[in-house]
Each structure stands twice: as C-alpha cells, then as structure tokens.
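Using the sequences plus the hints, can you model the full thing?
In order, the protein sequence lines correspond to chains A and B.
Residue numbers for the first sequence follow my numbering, so the first one is 1 and each next one is one higher.
Residue numbers for the second sequence follow my numbering, so the first one is 1001 and each next one is one higher.
Just so you know, the hints here were simulated from the structure itself, not pulled from any lab data.
Please note that the accuracy of each hint is not assured.
Pairs of lysine to any residue, SDA-like flavour, derived with a Cα cap of 20 Å [said to hold, decoys possible]: (1) K1140(B) / F1220(B); (2) K1283(B) / V1107(B); (3) K227(A) / F138(A); (4) K1069(B) / E1058(B); (5) K1283(B) / S1181(B); (6) K227(A) / L207(A); (7) K1283(B) / V285(A); (8) K1069(B) / A1053(B); (9) K1245(B) / Y1139(B); (10) K1240(B) / G1230(B); (11) K1245(B) / D1146(B); (12) K1283(B) / V281(A); (13) K1283(B) / P288(A); (14) K1245(B) / V1234(B); (15) K210(A) / L238(A); (16) K1283(B) / Q283(A); (17) K1283(B) / G263(A); (18) K1283(B) / M284(A).
Covered, in the sense of this in silico footprint (three residues per stretch, anywhere, with C-beta under 8 Å from a C-beta of chain B), are these stretches of chain A [stated by the list, open to error]: (19) 148-162; (20) 274-288.
Pulled from the structure, derived: some chain A residues nowhere near chain B, Cβ distances all over 10 Å [as the list claims (entries may be wrong)]: (21) L103; (22) I298; (23) V302.
Since the model is a prediction, treat every value here as computed from it, not as a measurement.
In this text, a Cβ means the ideal position worked out from N, Cα and C, and glycines have one as well.
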Amino acid sequence: MTDTTKDTILTAAAGNAATPAASGPPVVPPTKNRSQWADVWRQFRSHRGAMVALVLLVGIILFVSIGPLLWRIDPTFVDIRARNQGFSLAHPFGTDQLGRDLLARLMAGGQVSIAVGLTAMGIAIVIGSLIGVVAGYFRRLDGPLMRVTELFLALPLLPLLLLMVTLFREPLSQTFGSAFGIFLLIVSAIGATSWMQAARIVRGEVLGLKEREFILAARSIGTPSHKMITRHILPNVLSPIMVAATLGIATAIITESALSFLGLGFPPDFPTWGRLLYDAVDQMVLYPARVIFPGVLISLTVLCVNYIGDGLRDAMDPRIRGR
Amino acid sequence: MLSFTIRRLLLAIPTLLFISLVIFLLLEASPGDPLGDVPLTVPPEVRERMRAALGLGEPWPIRYVLWLKQFFWVEPLHWFDQIFGTGFAADMQRIISFQSRSPVFDVIAQRVPQTLTVVGMSYVVGILIAIPIGILSAYKQYSWFDQIGTFVSMIGFSMPTFFTGVVLIIIFGVNLQWFPSVYDTTLVVRDFDSFLAQMRQMIMPVTVLALYNAAQISRFMRSSMLDNLGQDYVRTARAKGLSEKVVVLKHVLRNSLIPVVTVIALGLPAVFGGAIITEQVFKVNGLGQLLITAIHGNDIPMVLTLTFIFAILIVVFTLIADILYGVLDPRIRYD
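Written out as structure tokens, the structure is:
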C-alpha cells in the first residue's frame, strides 16, 4: 500500500465516521489535513457561478452592514428642500419625494430585508428539520406529522400571509413597538408557512439513513434516541438542510418584499427594499431610478443566493464531489 | 387506480374542512371589527342590531357551520336553480359580502374571467416557451445555449414579478409607449380593433407571468430530459437505427413529459396566488385584487370564501397531479 492511499483511508476513517457517504474512494489527489468541509469547499470553488455569486453576496452584505458606518446620513432624515434630486455628490443615488437620501435608505432597507430573510429561514429550518427528523426517526409519529405537513402544503400561503399580517399588525405593534412588532410578525408568519419542503426532504433522508449499518451499530451499543439524533442522524442530514436553508433565504426575501410591495409589510418610515420599491412605484414615470435600485438589489441578492444554493447542492453531494 | 382516486377524494374532505376551520378561526381571532367604520354617534342598541344583521350575533361554531352550509349546500343549489329554473334555494340565505352587500359568488363570477384570461394565457405561453428550451438545453448539455438558458431561467425566478412588471411598464409603457400600463377591464372585444386593444393590454402582464413560469418549468423539463437521455432504452433506440429526431422527440420526450405534466398541474393553483401581485402591478381587477380589497375592508365572508377557493384549487390540482402521474406512467402503482 502506498503512502497516499493509506493517508486517504486514514482521514476517511477518522474524519468522516458519521458520514460514510462522503468517504467513498476519492479521485482528487489527496493532500494533508483533508476534512469533509475542505472537500466541500474545493468542489464549491469549481462551480464558477456559485463563486461569483458568493463574492457578490458578500459585497451586498458589506454594503448594507459596513456602508451605514461610512455613509453617515440618517435614512429617515427629511430634507424637504432637497427632495426629488437626481444623482449628485451629496446624494449619489438621489433623494426621494421627502428629500431622504436614497443611498442611506437602500443600506438600511437591505439590513432589514436580509435580516428578515435570515431569521425567517432560521425559523423555517428549525421547524422543518425538527418535524422531518422526528417523523423519519419515530415510526409512530410519521403518519400524523406527514398529514400535518400535507395540510400545510394545501394552505393558500400568500392569501394567508396577507391575512395574518393585516389582522395582527395592530396588536403586535402596540405590544412590541411598531418596527419590532412587524418584524416579529412577518418573520414568524413567513417561517411558519415555509418549513414544509425542508421537513419532507429531511424526513426522506432520515428514512434512508435508518437502514444503514452504522445506525444499527450505534443502536446495538444502546445509544439512546436523543443521542442517536444529535450524534448520528443530524450530522448526516446537514447537507440537504443547508441547501434547503440557502434556498429558503431567497424565498423569504422575495416574500417579504412582496408583502411590502402590496403595502402590507413594514411601516413607511421603516425602509426595506420591497417598501422602497412600493413607495417609488407612484412616481416611476418621473423617477424610474428609484424603482430600479431596490428592485435590482432584491433580484441580485436572490439570484446570488440561488446560485450559491445550486453550488452547495453540487458540492455537498458526495456522488458529484470529486468527479 | 379507481380505489386510489376514491380514497384520495375522501381524504380531501377532512383536509378541506380543516383548512376552512383554520382560515375561519384566523379571521375570528382578528381584532378587526367590520363595524369599525360606523360612526361613534350610532347608539349601542342600533349597533347591536347592525351586528345581528351582518350575522355576527351568534357564537363562532354556529357561524362556522352556517357558513359551511351556505358554501356547500345553498350556493350549489342556487346554481342548480339558475341553470334549470327551479326554486329550491329561493328562500335560503346566500353568502353576502359585507362591503358590497351582494352575494359573494356573484362578485367572484364577475372577476374570474379577467384572472383566467391573463393567468391562463400566461401559463400556456410559459409552457410553450419552457418545453422547447428544456429539451434543447438538455440535449446540448453544457453548450452555450444551455449555459445561457440556465442563467436566464435563474434570473427569471430570482426577479420578483412585481419588479419585472414595473420594469416592463417603465420601458414599454412609459418610454416607448407601445402598450398601455393599466389593464382596462371594461374593454369588450367586439371587432378587430377592440381585439387588438385587448391583445396589446394583455401582452405585458402575460409576459411577466409567462417568463416566471417558463423559468421554473424549463428547469424541470431539462432535468427530466437529462434523466431519460442517459437511460438504456435510448441507447437501444439509437442502436436499432432510429433517427435522432425520433429518439429524442418521440421516445425521450414522451417519457420526460410525465413528471413535467404533474409539475404543471401542481403549479396551477400557485399561479393563481402569485397572480395577486401581478394583478396589483397592472391594475387588473381579478380575483387577487378582490382579495386584497376585501382584506383591507374587513370583508370577512369575502376573504373566507376566496381563500377557501384557493385552498380547494390546491387540493384539487394536487389530486389531479397524482392521478395524472399514475395514468401516464404505468410503472407507478398506488396500491
């Protein structure tokens, strides 16, 4: 046995005990310290679209997070004498109908939009993986939980979201303050209505995993159920969960901006990209740029996230990886 | 197959009942008051009588059952009466909208044609675009056509429809003045000129929705074609000397269309939901616009009925997709 093959087998045995699927005979010339994540990263880097998307997305995130520290105009500052201005040095992207600086508003809006996307996805993924793992692992709960999932899939989601947001915005904004109340409402509404896909995918994976030998081995030494799930099941369903999570961010951002666009999202003094677009539609004939900027930012973010999801799916799939 | 269909139909009933209950309770839990706009000078006893007139006096379980009876018994009876001229439902209360005080189903019937022409047309156009693109990009996998197709369809479902719609309005409605930016629903197609006007105003909303649908369906078509192109029967077909056209368009295409047809069926109700936004952008007064005005106006019967109709569409089309899959693919058995 040559040194290199011994090395691969050793790393495969040591690093990937919980992921036997990933430890197939690698075709890529092995290097030192190969871990599963390094493998995934290497495969991910070879997906050109996903890499470009990752760079762009990091750029957008820097723009909305670091940007306000450098560009210090308050996004809600009303300068009525400077309203409807075009591009200038003082306002690179112009100002809106109340003289608020559009660049600052785009940054602030992006923070909210991306925060909504991430939080809603987080809620959806937690619910989805929980239901998926429980349904897949405990046979007795499989039937009822999948019935519930099907029920949720049959709900008309956009109408229901619209309903929930209109009905509960007042009481929630009274108890939690207008901005945080609406944030909480929108995030939980989107999260509670988009976990079903994740649950189905995770359940399928868990059902497949349960038949594998390492699960049998773990069971034979008396591993309790909660340890089984946290040590053996969850790490192995991590890749479909991550892919679903990435795509979930995109859906959540689109849903939030759609709600804002219908006038049922955040309050007017609280910019999000969807809200900026909605506010600009009234005057799109005179100032089309105000519609274009937030729209392009939404589309670009979602496009990047989708491409990253695509790349992740390829990178996480051990059958494709290493080819 | 028949027993499967019957079993699924029976299962659909509790599902729909549950969904209607969820929607009803959601509306019930809402703090909004349909009498909120009534001035405070109205004395409380008159206010109470107004509540009773709206049917709000009873506790919610009774109102829920009443609504169910109206939806599943009175309304169908009423349609039956209208068709056959009988009088079964003459003295029965139909579902009445709080806002317009007219039967909910009459208002819906007025709005359905607009939604159906725009949404239905866009779905058909989307499918017609998507299938050839899917076939070609799968057949020439990783060619420049495939790369561009992948990129464009990625953009297609990353751009929200409200943004594409607004961009189209700015370009074609405002700058080029080719198409009207507002959909005129009062237009009646009588002669060639009005037909042309109808076509012109439909182009933009249909394009927006069609692009969005085409983006998704073409991805499904591509991956389904790819799955089939690698199969053994394709090699056999080629080996026995069939022309490439017959192999791809007859053998592979037919097999790849099976999952795509079900995806198309599954996507139809979602299109109705997604059209809410497009209708809002182009000011089409269809079902989506009706729902939004009803939500804003606290029109509980209208919201309840409309949302429930959307739910029925989803359940029915899921069922259709499952049955179609079994009918088209003899390998699928539901026993």
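Status of the hints after comparison with the structure:
1. K1140(B) / F1220(B): holds, 16 Å
2. K1283(B) / V1107(B): Judged against 20 Å, a Cα distance of about 17 Å means the pair holds.
3. K227(A) / F138(A): Holds, at about 14 Å.
4. K1069(B) / E1058(B): holds, 15 Å
5. K1283(B) / S1181(B): holds, 9 Å
6. K227(A) / L207(A): holds, 17 Å
7. K1283(B) / V285(A): With Cα atoms ~16 Å apart, K1283(B) and V285(A) stay inside 20 Å; holds.
8. K1069(B) / A1053(B): The hint holds at about 18 Å.
9. K1245(B) / Y1139(B): Holds. K1245(B) to Y1139(B) sits at ~11 Å (cutoff 20 Å).
10. K1240(B) / G1230(B): holds, 17 Å
11. K1245(B) / D1146(B): Roughly 19 Å between the alpha carbons, so the hint for K1245(B) and D1146(B) holds.
12. K1283(B) / V281(A): Given pair K1283(B), V281(A) holds - Cα atoms ~13 Å apart, limit 20 Å.
13. K1283(B) / P288(A): Within the cut-off at roughly 19 Å; holds.
14. K1245(B) / V1234(B): holds, 12 Å
15. K210(A) / L238(A): It holds: about 15 Å lies between the C-alpha atoms, which stays within 20 Å.
16. K1283(B) / Q283(A): holds, 16 Å
17. K1283(B) / G263(A): holds, 14 Å
18. K1283(B) / M284(A): This hinted pair holds, its Cα atoms lying about 15 Å apart.
19. 148-162: holds (count 11)
20. 274-288: holds (count 5)
21. L103: L103(A) clear of chain B: closest Cβ-Cβ about 19 Å, beyond 10 Å.
22. I298: Label violated. Min Cβ-Cβ 6 Å, cutoff 10 Å.
23. V302: violated, 4 Å
The structure fails to meet hints 22 and 23 from the earlier list, while all remaining hints are met.
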